[in-house]
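Note that the protein sequences, when read in sequence, are chains A and B.
Residue numbering for the first sequence is 8 to 249, as defined by the numbering used here.
Residue numbering for the second sequence is 8 to 249, as defined by the numbering used here.
Don't take every hint at face value.
Repeated chains share a single entry, so a pair holds when one copy, or any two copies, can fit it.
[What the hints assert, rightly or not] As a list, the in silico SDA-like pairs of lysine to any residue whose alpha-carbon atoms are at most 25 Å apart:
1. K230 <-> R167
2. K128 <-> R79
3. K245 <-> G197
4. K128 <-> E86
These aren't lab readings, by the way, just hints derived from the structure by calculation.
Protein chains: 2
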Amino acid sequence: MTYCVAIKVNQGLVFASDSRTNAGVDYVSVYSKMHSLGVPGERTFVLLAAGNLATTQMVVNLIQRDMEQGERRGLAHAEYLYDAAHYVGELSVDVQERHAEALKQSGNSPEATFILGGQIKGRPPDIYRIYAEGNCVTASPETPYLQIGETKYGKPILDRIVSPSLSLADAGRCALVSLDSTMRSNISIGPPLELAFYRTDSFEVAPRLSLKPASPYYASVQKSWNEGLKRAFKRLPKFDWE
Amino acid sequence: MTYCVAIKVNQGLVFASDSRTNAGVDYVSVYSKMHSLGVPGERTFVLLAAGNLATTQMVVNLIQRDMEQGERRGLAHAEYLYDAAHYVGELSVDVQERHAEALKQSGNSPEATFILGGQIKGRPPDIYRIYAEGNCVTASPETPYLQIGETKYGKPILDRIVSPSLSLADAGRCALVSLDSTMRSNISIGPPLELAFYRTDSFEVAPRLSLKPASPYYASVQKSWNEGLKRAFKRLPKFDWE
Numbered sequence: 008m009t010y011c012v013a014i015k016v017n018q019g020l021v022f023a024s025d026s027r028t029n030a031g032v033d034y035v036s037v038y039s040k041m042h043s044l045g046v047p048g049e050r051t052f053v054l055l056a057a058g059n060l061a062t063t064q065m066v067v068n069l070i071q072r073d074m075e076q077g078e079r080r081g082l083a084h085a086e087y088l089y090d091a092a093h094y095v096g097e098l099s100v101d102v103q104e105r106h107a108e109a110l111k112q113s114g115n116s117p118e119a120t121f122i123l124g125g126q127i128k129g130r131p132p133d134i135y136r137i138y139a140e141g142n143c144v145t146a147s148p149e150t151p152y153l154q155i156g157e158t159k160y161g162k163p164i165l166d167r168i169v170s171p172s173l174s175l176a177d178a179g180r181c182a183l184v185s186l187d188s189t190m191r192s193n194i195s196i197g198p199p200l201e202l203a204f205y206r207t208d209s210f211e212v213a214p215r216l217s218l219k220p221a222s223p224y225y226a227s228v229q230k231s232w233n234e235g236l237k238r239a240f241k242r243l244p245k246f247d248w249e
Numbered sequence: 008m009t010y011c012v013a014i015k016v017n018q019g020l021v022f023a024s025d026s027r028t029n030a031g032v033d034y035v036s037v038y039s040k041m042h043s044l045g046v047p048g049e050r051t052f053v054l055l056a057a058g059n060l061a062t063t064q065m066v067v068n069l070i071q072r073d074m075e076q077g078e079r080r081g082l083a084h085a086e087y088l089y090d091a092a093h094y095v096g097e098l099s100v101d102v103q104e105r106h107a108e109a110l111k112q113s114g115n116s117p118e119a120t121f122i123l124g125g126q127i128k129g130r131p132p133d134i135y136r137i138y139a140e141g142n143c144v145t146a147s148p149e150t151p152y153l154q155i156g157e158t159k160y161g162k163p164i165l166d167r168i169v170s171p172s173l174s175l176a177d178a179g180r181c182a183l184v185s186l187d188s189t190m191r192s193n194i195s196i197g198p199p200l201e202l203a204f205y206r207t208d209s210f211e212v213a214p215r216l217s218l219k220p221a222s223p224y225y226a227s228v229q230k231s232w233n234e235g236l237k238r239a240f241k242r243l244p245k246f247d248w249e
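Okay, chain A solo, but in the shape it has when bound (with noise of 0.2 Å):
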């Protein structure tokens, strides 16, 4: 299982993923679901990947190449972020379609979903998750986050916290504890955990962190979080038969 999550404030994006994958729980191993790609100065994206491992693996190895091989099509040449999401959904269904008959058989799925986010030049930043059928939606001023693969543990703390005016620092901060949230309800989410921020008009994407529960930075969001919300807990009102 994965969970990433993309979040849309005004100062720029923020990006998170774990690196668990699983095919039943003997065989668990690490694998990076964030991918960086771009032409730099004129580009920017930043490809989260949820689902069939070999599915995700070709999506991006398909749009490396068309990158590399100057292909007319693909993310180099996308004039609007939107084509771009359109592009790796089309990607995905191809990839899934090669596939299906032989998984179904076996009982597994093809099937994987994406975030792209990023900004090409000339036009804002934005995010999109692309379900595994290729069709794709954006954020919203009111729904200023995205997520994909096990997205239900995170999802309260988002809720509570993020919106547009939220510092990209704190929405990076939110989705960590969102991803950390997580990982401790569902063993199938694990470490490192990978963290990005693009700033707008800035092109590149920086800081990038992988961030292992013994990283100081890491283990101190935990403390400080599971603190906080003891002490959130402790002060909330007494029932009046106490």
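Here the structure of chain A is known, so what remains is to put chain B in place on it, guided by the hints.
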């Protein structure tokens, strides 16, 4: 959809449930999913129900009938809470089977899940989750809570706070916050929120609260929790690049 949770602490048991049922988005109604049953001074049960409303209503109806008619089976005669849970599981499977074929043809499911908790004189109090298949599991000191229905949004706070040493009131507050978080993230979960307390060896369910968003206590908990979370969030350590 439904969300119910039961927590077992050293002082006793806490039960909590939402009250929204829906068949599609245009047929939403309010039903209590919490049922108290028992024999005064001798045995006390609380049953929480999720799933197909026709199934859960019929199961509750049959349980009550067996109690009233003094049947040798049923909650009035179970020697152990475990037997009572198995009895509920058997009833549930029977009821589901009656309508399974017809429901399948209309694309619906007769499935229902339950949490049964309480105490039979001379035995310790306990809680059981009864699956749609009729089998059941109990809680443990390491996992002192059970959930049914839409369980994921409300799980992280339980994982962080609940332990057997929690006071009954604190366990109730934790269940309330867990329900509130779920309700914010999923519109199929709705008020009033019901909250029931069972103190070990009391053989009565008291107090039992029905909390609407306008209820002063619930409103004060919501406000306090929201502020406490935001305070905890603001105190998180800064990134080194800030």
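These are the hints, each one checked on the structure:
Taking the shortest alpha-carbon separations for K230 and R167, both the intra-copy value of 20 Å and the inter-copy value of 12 Å come in at or below 25 Å. For the homomeric pair K128 and R79, the shortest alpha-carbon distance inside one copy (18 Å) is at most 25 Å, but the shortest distance between copies (77 Å) is not. Taking identical chains as interchangeable, the C-alpha atoms of K245 and G197 lie at most 25 Å apart only when they sit on different chains, with a minimum of 23 Å there against 37 Å within one chain. Only within a single protomer do K128 and E86 lie at most 25 Å apart by alpha-carbon distance; the minimum there is 9 Å, versus 73 Å between protomers.
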